[in-house]
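One-letter residues, chain by chain:
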Amino acid sequence: MSVIVDYYNYWIVVFLMMAGFYVVISANNLVKKVVGLNIFQTSVFMLYISMGKVSGGTAPIIIEGVTQYSNPLPHVLILTAIVVGVATTAVGLSLVIRIKHAYGTVEENEFQNEDDAI
Amino acid sequence: MTGVLTATCIAILVVMAMALARALKAPTVYDRILGVNMFGTKTVLFIAVVGYMTGRPDFLDIAIVYALISFIGMVAVLRFFEYTAPIE
Amino acid sequence: MTEVLIDLVLLGMLAMTALRVIFLKDLFAVVMLFSIFSFVSALIFINLDAVDVAFTEAAVGAGISTVLMLGTIALTGRTEKKNSHSSILHLVVVCVTGAALIYGTMDMPPFGNADNPIHQHVAPRYIEDSPKEVGLPNIVTSVLASYRGFDTLGETVVVFAAMIGVLSLLGTARPTNKRATPESGLAKHRVLHVVAKIIIPFIILFALYVQFHGDYGPGGGFQAGVIAAAALILYALVFGASFAHRIVSPRQLEVFAPLGVLLYASVGLVGMIKGANFLDYNVLASTAAAGQHYGIIIIELGVGLTVFAAMLGLFYAFSNQVERSNVQ
Amino acid sequence: MSILDYFSAILLAGGVFFSFTGAIGLFRFPDFFTRVHAASVTDTIGVILIIAGLLLQTSFDLNIIKLLLILAILLLTSPTASHALAKSARHGGLLTLAESNRSNDR
Chain A
0 MSVIVDYYNY WIVVFLMMAG FYVVISANNL VKKVVGLNIF QTSVFMLYIS MGKVSGGTAP
60 IIIEGVTQYS NPLPHVLILT AIVVGVATTA VGLSLVIRIK HAYGTVEENE FQNEDDAI
Chain B
0 MTGVLTATCI AILVVMAMAL ARALKAPTVY DRILGVNMFG TKTVLFIAVV GYMTGRPDFL
60 DIAIVYALIS FIGMVAVLRF FEYTAPIE
Chain C
0 MTEVLIDLVL LGMLAMTALR VIFLKDLFAV VMLFSIFSFV SALIFINLDA VDVAFTEAAV
60 GAGISTVLML GTIALTGRTE KKNSHSSILH LVVVCVTGAA LIYGTMDMPP FGNADNPIHQ
120 HVAPRYIEDS PKEVGLPNIV TSVLASYRGF DTLGETVVVF AAMIGVLSLL GTARPTNKRA
180 TPESGLAKHR VLHVVAKIII PFIILFALYV QFHGDYGPGG GFQAGVIAAA ALILYALVFG
240 ASFAHRIVSP RQLEVFAPLG VLLYASVGLV GMIKGANFLD YNVLASTAAA GQHYGIIIIE
300 LGVGLTVFAA MLGLFYAFSN QVERSNVQ
Chain D
0 MSILDYFSAI LLAGGVFFSF TGAIGLFRFP DFFTRVHAAS VTDTIGVILI IAGLLLQTSF
60 DLNIIKLLLI LAILLLTSPT ASHALAKSAR HGGLLTLAES NRSNDR
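As they're listed, the protein sequences go chains A, B, C and D. So the first sequence is numbered by numbering that gives the first Met the number 0: it starts at 0 and just counts up by one. So the second sequence is numbered by numbering that gives the first Met the number 0: it starts at 0 and just counts up by one. So the third sequence is numbered by numbering that gives the first Met the number 0: it starts at 0 and just counts up by one. So the fourth sequence is numbered by numbering that gives the first Met the number 0: it starts at 0 and just counts up by one.
Hints in this document: simulated from the structure, not taken from any laboratory. Treat the hints with care, as some may be off.
[As the list claims (entries may be wrong)] What follows is a set of in silico ranges between Cβ atoms, one per label pair, in the way DEER data are often shown: (1) C/A14 x D/K86: 29 to 39 angstroms; (2) A/V65 x C/A289: 53 to 63 angstroms; (3) D/Y5 x C/P116: 31 to 41 angstroms; (4) C/A289 x B/A20: 34 to 44 angstroms; (5) C/A284 x B/A20: 51 to 61 angstroms; (6) D/F6 x A/I61: 30 to 40 angstroms.
Using N, Cα and C, we set each Cβ at its ideal position, and we do this for glycine too.
Could you build the full structure based on these sequences and the hints that come with them?
Quick look at the structure:
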């Protein structure tokens, strides 16, 4: 029982990660792949934040009368990672748009067929 | 008083779950958007109540951001929706 | 106990949403569900005490990502075609990886325990000494801007580089015609026009509040930049991109983005000239605490400027593509 | 509990009740337009009551302004969003249940 209480958070995060991973490898459509990548990424963020949590702690903004704070370091790492994540997502999406211009489709198997034809 | 806030919090969670269910089920796309919209407003309330429940209500900033961003998301959906052909 | 319950319910919602995303073929719905996914994960961050992260995720993940994805779908079409190859192999790969990861978690220290190794290394120092050394109540801002200032400079440069990447892929948004027409916006929705006009000033005001209050509450340059960009994105969505170009033109953004990075880096150089290390703020003013304050305010301004310019520039590039393909 | 707390609890309970009816409507009603009705109308009253309940808990500081700002934003945006959504659904050719029944009969 204590195993479940100790680890349930990590397990669900792993499940979410795998859902994102499945979308990335099985989806044909590039936009959906990007969505899957983002789901994966958000789950990784959640894993980090879960590690930083201290039970009984509170948010790491100092107020009077509180001594137990959660770990601020993962928060810093993830905060910047989120902004960088959206920037890289934008690069990915603009690549998708270029592929659409070049091949007329964003389905992976279709433009691979076109590549083979050339 | 914390008991009342906790109860409110859980009730809002149930409402959010029902809005989510509508967004997942959704016969039409409009139903999904409606579900997302209601989910957004209830989320704002949820954050506010959680802030009071945990005794640190200075995090209401996040609720404001939620309210603003979910509105922008709605507008974006309406804006780009007209470019795409309906499925149903 | 309540915390655990809330956490479980929210994680359950996330799992349901993720599962639904796998099976949906309508990409529009996929993006809608992804925005819900971001919203719920931000709620989980709040529940796990990461208010700054929740702030960023709410503004960036749910706001900007969704808008960019919707723009892409408007260009590439709304449905995913039927999958021809079998997905059994994919399922096996995913299950094996997942099992390996779960096996890995068994070696991790239990969730929420205050004695975990992660809480022993540098975190106690940040929590105990940063109020004295930096003088800000928000430890996350202290660590972000002061202790790990070099890292944050790198992240800012990455955002800037991503903007360059997108602009070189999609081309800079050029002014289509001199006369801005409201036709390109949501012309039929009068109510939306009125409400947007009322609400946009408040968004910009709120962005300024977040920028300068980030030392004391949740917030800072990253979030403020995104929120300010969101205000202009709302304007562009409702009234049409050509109106937004009149307020902040794409050219100006190309100046703002490097300016922010330069502002950040030059604070570091001033420190070096005064005989300290790169990005050491202690020497910027007569006392160390005042120096830290000056340094953090200026670099947050630089971060805010770059993030604002990058996010708005990304949106301009995407909406320009959408409008051009719509004209053809 | 002081008298203010009792008032606050009543307001919160009222807000939750209305939100709940809205959610049931959103979940159970037969077509899109009835669902918009259920969701948007109860959304507004739920927001007003819950924020009012929280206002009674606040000591006199910045949080009051933030709560009022949240209230103002939600009161402006939530009905607008519902209106715009219903309008674009109408323009997109979505029929009410009665209309689609009639066209099926013919």
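Status of each hint after checking the structure:
A beta carbon spacing of about 34 angstroms between C/A14 and D/K86 agrees with the range 29 to 39 angstroms that was offered as a hint. Between A/V65 and C/A289, the C-beta spacing of about 27 angstroms breaks the proposed range 53 to 63 angstroms. At roughly 48 angstroms, the beta-carbon separation of D/Y5 and C/P116 lies outside the given 31 to 41 angstroms, and the hint is violated. Restraint check, C/A289 to B/A20: a C-beta distance of roughly 54 angstroms breaks the suggested window 34 to 44 angstroms.
Roughly 56 angstroms separates the CB atoms of C/A284 and B/A20, a value that falls within the hinted 51 to 61 angstroms. Here the CB-CB span from D/F6 to A/I61 is close to 33 angstroms, well matched to the stated 30 to 40 angstroms.
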